[in-house]
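Enquirer: Listed below, chain by chain, are the residues.
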Amino acid sequence: MSRSRRKRIPPRTRGLSIRTKLLLVSLALLLIPWMGYQYVRDMKGFLLQGQENALSLTARAVSTVLHDRPELFDPETGAPQLIGEPTDIFAYPLPNHIRLDGDPADWGEQLDRMGVFDGSQDQLCGPDYHADALSFGHLVGYRGPYLYVLFEVTDERLIFRDRTLRRLDNSDHLRLSLQSPGGDVTRYLLTARQPGRMSVYLMDESWRYPVTGEPNYDIAAELVPTEQGYTVEMRIPRFLVGSQSRLGFVVADVDDEEKRRVTSLVAATARPEEHEPLNRLLLHSPEIAKILRGLNRPVARIWVLDRQQRVRTVVGKLSSDQEPETSPQSARDYVEFWYDALLRRIYELIVLSIAPTLEQISSEISLRNDQVFRKALAGVPQTERRPSLDRHSEILMAVHPVWTGDRVLGLVVVEQSSNEVLSQQKQVLENVISITVVVLLIITVALLMFASRITLRIRRLRNATEHAITPDGRVRDPHIHAERAAGDEIGDLSRSISGMLARLSQYTSYLEGLPDTLAHEMSNPLNVVNSSLDNLQQEMPLTQRSKYMERAKNGILRLRSILTNLTEAANLEEALQLEDREEFDLVNLVSSYVEGYRLSHPTRNFELDVRDSPLQIQGAPDHIAQMLDKLADNAVDFSSGDSPIMVRLDRVNNEARLSILNEGPVLPSTMGDRLFDPMVSLGKKNAKQSRLGLGLYVVRLIAEFHRGKVQAGNRSDVPGAVFTVSFPLARAA
Amino acid sequence: MSRQIAIVEDDPDQRDNYADALAAAGYSVKTYGNRAEAFAGMKQNLPDLAILDIMLEDEMDGGFDLCRDLRAIAPKLPIIFLTARDTDIDRVSGLRLDAWDYLTKPVNLQFLAVRVSSLFRIVETLHTETAELEAIVRLGPLQLDPNSMSVRWDSHEVNLTLTEFWLVQALARRPGHVKTYENLMQVTRQSYVERNTINGYVRRIRKKFKEVDPGFSMIQTVFGVGYRWQPE
Chain A
1 MSRSRRKRIP PRTRGLSIRT KLLLVSLALL LIPWMGYQYV RDMKGFLLQG
51 QENALSLTAR AVSTVLHDRP ELFDPETGAP QLIGEPTDIF AYPLPNHIRL
101 DGDPADWGEQ LDRMGVFDGS QDQLCGPDYH ADALSFGHLV GYRGPYLYVL
151 FEVTDERLIF RDRTLRRLDN SDHLRLSLQS PGGDVTRYLL TARQPGRMSV
201 YLMDESWRYP VTGEPNYDIA AELVPTEQGY TVEMRIPRFL VGSQSRLGFV
251 VADVDDEEKR RVTSLVAATA RPEEHEPLNR LLLHSPEIAK ILRGLNRPVA
301 RIWVLDRQQR VRTVVGKLSS DQEPETSPQS ARDYVEFWYD ALLRRIYELI
351 VLSIAPTLEQ ISSEISLRND QVFRKALAGV PQTERRPSLD RHSEILMAVH
401 PVWTGDRVLG LVVVEQSSNE VLSQQKQVLE NVISITVVVL LIITVALLMF
451 ASRITLRIRR LRNATEHAIT PDGRVRDPHI HAERAAGDEI GDLSRSISGM
501 LARLSQYTSY LEGLPDTLAH EMSNPLNVVN SSLDNLQQEM PLTQRSKYME
551 RAKNGILRLR SILTNLTEAA NLEEALQLED REEFDLVNLV SSYVEGYRLS
601 HPTRNFELDV RDSPLQIQGA PDHIAQMLDK LADNAVDFSS GDSPIMVRLD
651 RVNNEARLSI LNEGPVLPST MGDRLFDPMV SLGKKNAKQS RLGLGLYVVR
701 LIAEFHRGKV QAGNRSDVPG AVFTVSFPLA RAA
Chain B
1 MSRQIAIVED DPDQRDNYAD ALAAAGYSVK TYGNRAEAFA GMKQNLPDLA
51 ILDIMLEDEM DGGFDLCRDL RAIAPKLPII FLTARDTDID RVSGLRLDAW
101 DYLTKPVNLQ FLAVRVSSLF RIVETLHTET AELEAIVRLG PLQLDPNSMS
151 VRWDSHEVNL TLTEFWLVQA LARRPGHVKT YENLMQVTRQ SYVERNTING
201 YVRRIRKKFK EVDPGFSMIQ TVFGVGYRWQ PE
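Those protein sequence lines, which keep their order, are chains A and B.
In terms of my numbering, the first sequence is residues 1 to 733.
In terms of my numbering, the second sequence is residues 1 to 232.
If you're looking for bench data, these hints aren't it; they were derived computationally from the structure.
Ideal Cβ positions, reconstructed from N, Cα and C, are used throughout, including at glycine.
One or more hints might be untrue.
Said to hold, decoys possible - Have a look at the derived ranges for each label pair, beta carbon to beta carbon:
(1) B/Lys30 - A/Glu512: 34 to 44 Å
(2) A/Thr603 - B/Pro75: 46 to 56 Å
(3) B/Pro214 - A/Pro541: 44 to 54 Å
(4) B/Asp69 - A/Thr603: 50 to 60 Å
(5) A/Pro719 - B/His156: 55 to 65 Å
(6) A/Glu704 - B/Pro214: 29 to 39 Å
Unchecked claim - Okay, the calculated bits of chain B under chain A, using three or more residues with CB under 8 Å as the criterion:
(7) 3-15
(8) 82-96
Let's have the full structure, built from the sequences with the hints guiding it.
Expert: Structure (C-alpha cells):
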C-alpha cells in the first residue's frame with residue numbers, strides 16, 4: 001500500500017545536498033581575506049601616521065637646533081654640500097690662519113680641492129688661448145671675516161707692471177668682479193710691479209684705466225714667482241661680498257714685454273656669464289651639515305631650505321631598495337619561491353590597484369611641494385605624502401619652519417620612504433593571505449567531513465527507515481538501530497521514527513489481526529443462527545421444506561465463505577512458514593491441474609500450451625495448485641462466455657514462466673502491481689460470490705514463497721489480460 | 001442409561017442449541033460456561049464424551065488447557081473440539097492433545113449428532129468387541145476397520161481422527177477413482193469446508209502413514225480436482 005501511495009507522489013526534484021549547502025555557506029569565509037585587507041589598509045594608515053609623526057618630530061627637532069641662528073642662513077655662509085651648480089664658486093673653510101706670503105702650505109688639506117683651469121673645461125677664455133701659454137690652479141677659502149683666494153699660475157713668462165704706463169692691463173694681472181644684488185658691478189684689478197704685495201685698483205668697464213688713481217687697501221694680495229709661473233694669495237674682506245653678491249675671477253696673461261698686449265684671459269669659473277665672469281659664491285660652511293650629520297640616517301633625507309626655497313643643505317638619502325629576487329635552489333626553495341611569487345602577485349593586485357599612475361604623480365609633485373613649502377614658510381608645520389617616482393612606495397614628508405624671533409628663516413624638510421611600512425604591510429598581508437588559505441582549507445575540510453558525516457548518518461537513518469517497512473507496508477522491525485544512541489537531533493529523529501514505527505506496527509498488527517478477530521467474532525453468532533435453524537428444523541419439521549429455510553442456510557454459507565476468505569491470506573502466510581519444500585515438475589502439475597479443471601468446468605475452454613518441459617521447481621505443489629485456482633477463477637470471471645483460457649508454460653533464462661491469458665476487458669493501466677495488494681479488486685459484484693480482492697494477493701504470497709514474481713498486463717493480440725508468474729528453476733534442472 | 005455428553009461453550013445461545021440438538025438425539029447433556037466450572041463438574045461426574053470450545057471467556061486457549069487437564073484424569077475420554085478457530089496451527093494443536101476430532105463452526109447439528117454417535121460406536125467396539133461387525137476393508141497393506149474406525153498399514157496402527165478415517169475410507173473404497181473436493185467435503189460431515197482444509201487433512205493423513213512407512217505414496221493429488229487412492 002505504501003508503495004502505491006509513494007508512486008502517486010511525484011518525486012521531488014533533487015535539491016542541493018547538505019554537503020553542497022555547507023560548502024556554499026563556507027564561502028562566507030572568503031570574507032576573512034577581505035577583512036585582512038581592510039585591516040592591513042587601516043594598519044598601513046596607522047603606521048604611516050606614526051611615521052609621519054616621527055618625521056614631524058624629527059623636522060621639529062632639526063628646526064629647533066637651527067632656531068635663532070640666522071648666520072646659518074646667510075646666503076654666503078650657508079652652502080650646499082652636495083648640490084650646487086657647476087658655475088658656483090665654492091669657498092672652503094680654512095684650517096689655519098693664512099699669511100699672505102705666496103706659500104700655499106698654510107691652506108692645509110684644502111689644497112686638494114684646488115680647481116685647475118686650463119681651458120679644457122668649459123671656461124671662458126680668449127680667442128688665442130692655448131694651455132701651454134697659461135693655466136692655473138685656483139682655490140677659494142674663508143676664515144674669520146675674510147675670503148682667501150689662491151692662484152697657482154703656470155706662465156711661460158711673468159711680466160710685471162711698467163710704472164710708466166698709465167694703462168693697467170699691460171702686464172700679467174688678475175681681475176676680480178663683484179656684483180651686488182642690485183646688479184651694480186665693481187671691478188678690481190690686481191697687478192704687481194715686482195714680487196710681493198700687489199696693487200689693487202677699482203677699474204672702469206673696459207678694464208684699462210682705474211676709476212681713481214687710489215689703490216684699494218681693503219683687498220690685499222701677494223704675488224710670488226715660481227718656477228712655472230707665479231703664485232698669488234689674495235684676501236678679501238667679507239663685507240665686500242654681500243649677500244646675493246656674485247663674483248668672478250679672471251687671470252690675464254701678457255707675454256710680450258714690448259707689445260704688452262693681453263694674450264689670454266682665463267676665467268676661474270666654468271661657464272661664466274656672457275660678459276662678466278660672475279658667479280655665485282657659496283661658502284662651504286659645514287655647520288648646518290655638521291648639525292644635521294648627527295641626524296643622518298640611512299632611511300631619511302633632511303633638507304634645509306632658506307626663505308627663497310633654496311636648498312641650503314641635504315643629508316641622508318631616501319632608500320627605496322627592494323630586496324633582490326633570488327632564484328630558487330632546492331625543491332623546497334622552489335615551492336617557497338612560487339608561493340612567494342604568488343603571494344606577491346596577489347599583494348600587488350591588491351595594493352597597487354590603488355596607486356595612481358606615473359603621469360599624475362610627476363605633474364603633481366612640484367605643485368604640491370610648492371604649496372606645502374609656502375604654508376610652512378607661513379609658520380605652520382606640514383606633513384605630506386606623495387607617491388615615489390617608481391610608484392613602489394610612498395614618500396612621507398614633514399616640513400617645519402626654522403624661526404629666528406618671529407621671522408621664518410627657512411625650512412627643515414624631512415623625507416622618508418614608506419618602504420619600511422610597506423614591507424611590513426606586505427608581510428602582514430602575505431601572512432593574512434597564507435593564514436586565510438590555511439584556515440579556509442582546514443574549515444572546508446572540517447565542514448566537508450562534518451557534512452559527510454551528517455549526510456552519512458542521515459543516509460544510514462534513511463536506509464534503516466526504508467528497510468524497517470516492507471514494500472507492501474509492513475513494519476519489519478519497529479526498532480531502528482541506526483543512530484539510536486546518538487544524543488543529537490538525528491538521534492531524536494531516529495528515536496521518534498522508532499516510536500512511530502512501534503505505533504505503526506501496533507496498528508498494523510491490529511489491522512492484520514482484524515480480519516481474524518472479525519471472522520472469529522462473527523462465526524459465533526453465525527453459529528448461533530445456524531444451530532438455531534438446525535434445531536428449528538428438528539422442532540418443526542414443516543420448516544424443513546420452506547424455501548426461506550433454504551435461503552437462510554445459503555446466506556449462512558456465504559457469510560461463512562466471506563469469513564474464510566478473510567482469514568485465508570493470514571492463515572496462508574502461517575501455513576507457508578510451516579511448509580516443507582519439495583522439488584517437482586511444474587509442467588506435470590499444471591497439466592494435471594488443467595485436466596482436472598476441464599473436468600470440473602466442462603463449459604469452459606481451457607488450452608494448455610507447454611513450450612518447455614520439464615520445468616523442475618522447488619516448492620509446495622498444493623500451494624501452486626491453490627495459486628492456479630485463484631488465477632483460473634480470475635480468468636474465468638473476466639473472460640466472456642466460451643472464449644478460450646490459455647495456460648502457457650515456458651522457460652526464460654533460468655526461470656519457469658507460467659502465463660494465464662484470457663480474453664475480455666483490459667486492465668486499467670493505473671492499477672499495475674496494485675492488483676496484487678490485498679483488498680484491491682476489479683469488476684462487478686456477484687450475488688453468489690463475495691469479492692474481497694484477496695485472490696490475487698494470495699497468488700502473490702504463494703509466488704513470493706516460491707521466490708517468484710507476479711505480473712499483470714494486457715494481451716497484445718486480442719483484448720484481454722495476461723497474468724504471469726515466474727519461478728526460479730531448481731538447480732538440478 | 002443414556003450416554004452423557006459434556007458441552008463446554010461460553011456462548012449461551014450456541015451452548016443451548018447444541019444441548020437441545022443432542023438431547024433430541026437422546027443423549028443426556030451437561031453444559032458448562034467456563035473452564036474452571038467445567039473441570040470441576042467433569043471431575044466429579046465424568047461424562048462419556050466432551051465437546052469443547054477453545055476460546056473460553058477470557059482464556060484464548062482455555063479449551064486446550066481443559067483438554068490437557070481432562071486427559072490427566074481420563075486418558076480415554078473422547079474429546080471433540082468445536083471452535084471458530086480455523087487455522088492449521090490450531091488444528092494441529094488440538095489433535096496433538098489426542099482429541100478425537102476437530103470441527104469448525106458453523107457446524108451442522110445433524111452432522112454433529114452423527115459424529116457423536118459414530119464416536120460412541122467406536123468406543124463401544126473398543127470396549128465390548130461384540131455387535132454386528134461391518135466387513136473389514138483390506139486393500140494391499142491397508143486394513144480398515146469401520147467398527148473400531150481403526151486403520152492399520154502393514155499391521156502397524158495408524159492413529160487417525162474420525163474425519164481423517166472417513167476421508168481414508170472414502171478414498172480407499174474405490175481405488176483409482178478421483179474423489180473431488182466436493183465429494184470429500186461431504187465426507188467430513190461439516191457444513192462448510194474449504195479446499196485448503198481438505199488439503200490440510202490429506203497432508204496430515206499422509207504424514208501419519210509416513211510415520212509407519214516412509215515410502216507411503218498411495219494418496220495421489222489430482223491438482224485442481226481432488227485426490228484418489230492409487231490403484232494396485
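Enquirer: Next step is simple, just say for each hint if it's right about the structure.
Expert: Each hint, compared with the structure:
no.	hint	result
1	B/Lys30 - A/Glu512: 34 to 44 Å	39 Å, holds
2	A/Thr603 - B/Pro75: 46 to 56 Å	54 Å, holds
3	B/Pro214 - A/Pro541: 44 to 54 Å	52 Å, holds
4	B/Asp69 - A/Thr603: 50 to 60 Å	54 Å, holds
5	A/Pro719 - B/His156: 55 to 65 Å	59 Å, holds
6	A/Glu704 - B/Pro214: 29 to 39 Å	31 Å, holds
7	3-15	holds (count 3)
8	82-96	holds (count 6)
Going down the numbered hints, you'll see the structure goes against none, and every one checks out.
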